[in-house]
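S.K.: Each chain is listed here by its residues.
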Amino acid sequence: MSDAPSPWKSFQAKKEAYLAYARPWEKKVGSFLTFRPEAPSSAGSGPSGARPLEGLPFGVKDNIAVRDFPLTCGSKMLADLVSPYDATVVARAKAAGASVIGKTNLDEFGMGSSTENSALGKTSNPWDQSRVAGGSSGGSAAAVAAGLVPFAFGTDTGGSVRQPAGFCGVYGFKPTYGVLSRYGLTAYASSLETPGILAKDLGLVKTVFDAVKGRDPHDQTSLDPESQPVRPVKTIAVLADLADLDPGVKAVYEQTLVHLKALGYTLVPVTLPTLEYAVPAYYTIATAEASANLARFNGIRYGHRPVYAENPEHLVRQSRTAGFGNEVKTRIMLGTYVLRSGFQDQFYTKAQKVRTLISNDLQKVFDQADLLLTPTFPVPAFVHGDKTMTEFQQKLADKFTVTANLAGVPALSFPAGLAGGLPVGMQFTAPAFCEARLFEAAAAFATRVPVADCPGTSLDWSK
Amino acid sequence: MDIGELETTAALAQIDLGEGDLARLGDAVSQMLAYFEKMNALDTEGLQPTTHALVKDNRVRPDIVEPSALADDLVDRAPEREDRFFVIPNVL
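From first to last, the protein sequence lines stand for chains C and B.
Be aware that the first sequence starts at 1288, since it is given in the working numbering, and climbs by one per residue.
Be aware that the second sequence starts at 3, since it is given in the working numbering, and climbs by one per residue.
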């Protein structure tokens, strides 16, 4: 795999040319909520040998803390908050020589699949600006696809890195739960979420991962990657009963199978009987955790607050009622309901047991094959405000991505081809700590289907 | 979910629901809850619930004081402050 792509190393030296390229492009795409490419590098200092990301700019989803940048989470609630510290993944990327140039747009608090739930900005797909970039890390995916940054961080709670990566034709990587520290992430669903990495260059995804991974004293759920025996990927599990795919996604999926066979992989048909229960289990757990995590937003110390209130309770209610958007309120309500006394066993405990079943199911798949292949999302990028893709249908469509979060295992969405001029992502899922298998198979696939550049994207400024 | 249940849940979540919200959020929440019921088709008898996929044990650290330079920065970011106190809106 290649090292970091060299054109970006001249970013600081060619800034005028970069700005002339980036400003008009960003105006069309709207990937950033805060965009400060003109600022001097914020990279850390240290021996150059330990700086694999030297000179590279990067973007950070606006629910991850970056010192002296806003941390809005795409919400009116936090529109005025500026972070006093760096998330661990950001601090480590800076120490490796990279520099933050902006905070990217997202669905409010990471809740959505289109970035249309952002209260603070509109992000469009660089491939077709009448369409969404996906979500919730839509800004990060759009910025990478448009060539505005070589890589960006997102967060992945149920597919929020992989799905927008698929929509925008870039790699979207969700590591094993815990291998990337969550310190500095605004908590949504703590047992499911992890930072993730988006880039157009697979080698760079791996370089960034290696630079920022590992246990962090600030996150007691963080883990050092367990070393796994390295052996070549030979077998790939495929679902025997794939239904409800958009025709374009189906065509790319079938082409992907042809390419993988041609590369010498053995395809093993499997079933995941619990797949259809993954989405209800996921949303039960995610909303329950969200209702607890978002209870901290009460307008007392930080966040949206009314000018006055009749009593302390009124103050809190006014802050939350005006500060949160509709989707966030829906999820808080759901989570509050499933945790209410009398309902907990029926919903929350049940979902956690289903989670156990899903992990067991996945383990059976990995007893038979090295990787699991599925589409990332059943449809390609949909148009802004599409009424055929309601909030509810967007949730149902998370079925291929949420499984990895429930089981804590790593997964990678890779650009697999185009359907009607739009990129389509496929996804590899691997056993815990077997990230190397994802990179190996995706690199092999790219020798047959190179990553396509989005029209309008260029690195000419770097020359 | 009926209106009463919805209002009780909203009160616990500390969110005020207006007329429009009651109808819209009520529909969205009810639709998802009905969907959650799907899980009842699965037999989970005897299974342990998974709270975290990979973290199995509690982790502890030595109980020692470590310096942090964040406190001043955190107070500086208060929407309104007086000395080292957060000022909250008037509550009358």
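There may be inaccurate statements among the hints.
Unchecked claim - Simulated pairs of lysine-lysine, PhoX-like, Cα-Cα distance not exceeding 25 angstroms:
id: 1; chain 1: C; residue 1: Lys1651; chain 2: B; residue 2: Lys40
id: 2; chain 1: C; residue 1: Lys1315; chain 2: C; residue 2: Lys1302
id: 3; chain 1: C; residue 1: Lys1409; chain 2: C; residue 2: Lys1548
id: 4; chain 1: B; residue 1: Lys40; chain 2: C; residue 2: Lys1682
id: 5; chain 1: C; residue 1: Lys1409; chain 2: C; residue 2: Lys1682
id: 6; chain 1: C; residue 1: Lys1651; chain 2: B; residue 2: Lys58
FYI, nobody ran anything at the bench for these hints, they're computed from the structure.
None of the values given here were measured: they were computed from a predicted structure.
S.K.: For every hint, state whether the structure bears it out.
M.R.: These are the hints, each one checked on the structure:
1. C:Lys1651 / B:Lys40: 23 angstroms, holds
2. C:Lys1315 / C:Lys1302: 20 angstroms, holds
3. C:Lys1409 / C:Lys1548: 40 angstroms, violated
4. B:Lys40 / C:Lys1682: The hint holds at about 15 angstroms.
5. C:Lys1409 / C:Lys1682: The hint holds at about 20 angstroms.
6. C:Lys1651 / B:Lys58: Roughly 21 angstroms between the alpha carbons, so the hint for Lys1651 of chain C and Lys58 of chain B holds.
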